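Sequences and hints are given; from them, build the entire structure.
The listed protein sequences derive, respectively, from chains F and D.
Per numbering that gives the first Met the number 0, the first sequence starts with residue 0, numbered consecutively.
Per numbering that gives the first Met the number 0, the second sequence starts with residue 0, numbered consecutively.
Among the clues, some could well be false.
Stated by the list, open to error - Below, simulated BS3-like cross-link-like pairs (lysine-lysine); rule was C-alpha separation at most 30 angstroms, straight line: (1) F:Lys81 with F:Lys179; (2) D:Lys161 with F:Lys141; (3) F:Lys330 with D:Lys161; (4) D:Lys25 with F:Lys141.
Everything labelled a hint here was simulated from the structure, so no lab data went into it.
This one's a predicted model, so the numbers in the text were calculated from it and none came from an experiment.
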Amino acid sequence: MDQFLINIFGDNIIKYIIIPVPALIWVSLFALGAVLAERKISAFMQDRIGPNRTGKWGILQTVMDVVKLFQKEFVFPLRANKVLFRMAPFVVFTAAFLGYAILPFSSVYIGVDLNLGLFYFFAITSLGVMGLLLAGWSSNNKYSLYGGLRSVAQIVSYEIPTALSALSVVMVAGTLSMQKFCVLQSGGIQNWYFLGGPGGLSRLIMVPFLLSSALILFISTLAETNRTPFDIPEADSELVAGVHLEYSGMMFAMFFFAEYAQMFAVSGIITTLFFGGWQSPFGDLIPFLNSPVMQIFWFLIKGLFFVFVQIWLRWTLPRVRVDQLMTICWKYMIPLAFVNLFALGLYLVL
Amino acid sequence: MPYYTILFYIFAIAIIASAVIVVTAKNIIYSAVSLFITLFFIAGLYVLLNADFIAITQIMVYIGGILVLLIFGIMLTSKITEVELTTSNLSAVPAIIFTVGITTIIIFVILTTKWNTKPPAVMTETISQIGKLMLTTYLLPFEIASIVLLVALIGSAMYSRKIK
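Printed below as a string of C-alpha cells:
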C-alpha cells in the first residue's frame, strides 16, 4: 500500500492524508454496527426483542440515531468552561483513533509499521486520559468530575498489568513491531503466541504463562476502555452518565465513537499479540485464504470476536465496586503478570 | 519548500505560542492545558529528528504521567482553580536587563558555534541499539537513575503519610 501510493503521488504529503482514510471509514462503520449489535445481543441475552422497527430487523436503528444526533442542538452548560468543554471530546476521539495507526489490518495495509508500534499504542492510550480529565472538569458538574477522576484513576492503574502482560509476549517474540508480530506467527494456528509461538515441542512449557498473559491483557484492556464490569466511571445508577453527562448532539456522539473505536483497537492489539494478527488459521495449506485481501477479513473477524466477548461480558457480569476494582488490579493481576514475566524470562534464558 | 520544513515551522510556532500561554495565563487550568500542547508538539519535533523512541517516551512520561498527575491535583483542589494568578511583572527593570543579557549570549553562541550539519544517518531500528547501550555502556548511570527515582518515591510516600 505504501509503495503503491508512492508510485501514484510520489513522496508527497497526499499519501499521508490518504492512508488513514480506510481506517477512519472502518471506525465509523464499526461503531454503527457495534451499537446495533450491542443492543441486539443484549436483547437476546435478556430475552427481549430489541430494536425492530426501523428497517428490516431494526438494522437502520443506529443510522437513524446518528441522524437524530446530527440534528440536535448543542446544549451548553451555563457555567462550563467554554474552551475546554469544546476541546475535550475531540481530544478523546483523536487519541482513540491515533491507536489505529499501528493496527496491522493486512500485510499490505497498516498506517505506519513503527518498530516501536506497541510502545506507541500504550503511550497514545494515556493521551485519551487527558481528554477525559478535561471533559470531567470543564462540565462544572460534580458527577462529571467524579466520572472523570474515576476513569483516570482506573486507566492509570490498569496500564501497569496491560504493559506487563504485553511485555511477556514481546519478550518471547523479541520485537515491538506489529507487522513483525504477524509475520512471526505465520504457518497456521499452532504457531500463534497463545499456543507458544513457532518452535519445537519444548515451547509448550510457555503455554500456560502466555495464555494467562492473554487473559490479563484482555481483562485490563476491558478496564481501560471503561466497559462493564469495570464501568465504574460511568456507573449510571450513581453518576448518571460519567464524563459525557453534560454533552449533547454530536459532541456526545464523539465520546461514543471514541469508546467503540477503542474497543476495536484493544481487540486488534490482543489479536495481533496472541492470535496471529492477519494470519489465516490454516497457514499456507490454502494459499488463497492468506492473500492480502483475506488477511483483512481474518484480522477483522478475530477483532470482532473479541468485541463480541466484550459485549457478552457487559450483559453477563455486574459492576465491581471501587475497592474490588483496585484489589483485582494490584493484588491479583500485577503479581500474576510479574510471575508470567519472570517465568518466561527464565525459560528464554535457559 | 519541503513539507517537513513546513511541519517544523508549524510545530515551532505552536510550541512557542502555547509556552507563552503557560506563563501568562491567569487561570492555572489554562496553563496546564497549554503545557499539554507544548509537550505534545515537542514530541512532534523529536519525530522530525528521527528520534522515535524519545518522542514516544515524551508522550508517555510527560503527558501520560506527569501532566495527568498535575491536572489531577489541580482539579481535586477546587480552590486553586478559582484564584487569579498574578502574572504581572513585579520588578520589570532587572528582569529586562537579565533577559536581554541572556538573549545576547544565546544569539552569540548560536552565531559563533560551528554546527555539525552533515545529513543524519538513516536509522532503521533505534530501540535495540538503545537497549544494548543502556545495559552495557551506560549500565551504571541507568541503575543510579532508577535508584534516585525509587528514593524519591519512598520519600514522597513517607512525607505524605500522617505522623501519629
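Each hint tested on the structure:
| no. | hint | result |
| --- | --- | --- |
| 1 | F:Lys81 with F:Lys179 | 45 angstroms, violated |
| 2 | D:Lys161 with F:Lys141 | 28 angstroms, holds |
| 3 | F:Lys330 with D:Lys161 | 24 angstroms, holds |
| 4 | D:Lys25 with F:Lys141 | 23 angstroms, holds |
Of the numbered hints given earlier, the model fails hint 1 alone.
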